[in-house]
Amino acid sequence: MAVQITHIRVADPASHETITHYAWNQNGLTGTWTKAQGVSYVTAHPGDTFVNHGGRTVAVSVWQEVGKLPYLRTHADGYWNDNLLSLPRF
Numbered sequence: 005m006a007v008q009i010t011h012i013r014v015a016d017p018a019s020h021e022t023i024t025h026y027a028w029n030q031n032g033l034t035g036t037w038t039k040a041q042g043v044s045y046v047t048a049h050p051g052d053t054f055v056n057h058g059g060r061t062v063a064v065s066v067w068q069e070v071g072k073l074p075y076l077r078t079h080a081d082g083y084w085n086d087n088l089l090s091l092p093r094f
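The numbering of the sequence shown is our numbering, which starts it at 5 and goes up by one.
Don't read these hints as lab results, they were simulated from the structure. Where is the CB? At the ideal position from N, CA and C, for every residue including glycine.
FRET-style restraints, in silico, Cβ to Cβ:
{"#": "1", "residue 1": "T38", "residue 2": "P17", "range": "18 to 24 Å"}
{"#": "2", "residue 1": "G71", "residue 2": "A6", "range": "30 to 36 Å"}
{"#": "3", "residue 1": "S44", "residue 2": "S19", "range": "17 to 23 Å"}
{"#": "4", "residue 1": "V70", "residue 2": "Q41", "range": "19 to 25 Å"}
{"#": "5", "residue 1": "T36", "residue 2": "G82", "range": "26 to 32 Å"}
{"#": "6", "residue 1": "G82", "residue 2": "T24", "range": "24 to 30 Å"}
Assemble the whole structure, with the sequences as input and the hints as a guide.
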């Protein structure tokens with residue numbers, strides 16, 4: 005079942021790499037993930053996680069840069085984008 009990321013907690017300065025936690029909703033069940041838990045879930049369930057951006061469903065994927073820890077980013081219309089950073093903070 006699809007999981008919607010609804011909010012983020014981010015350190016300063018705000019970037020995808022500094023998101024520390026994700027709040028999620030899955031059919032009314034809610035919870036939070038640390039960055040590592042989010043990466044682990046999305047890796048194990050590709051295509052299952054999304055954000056709602058302006059009424060559109062946008063896929064969440066794992067992004068890995070050489071020499072850095074993986075983190076989550078959104079991917080829509082063939083482009084990696086900043087939809088996660090547009091989410092409300094908690």
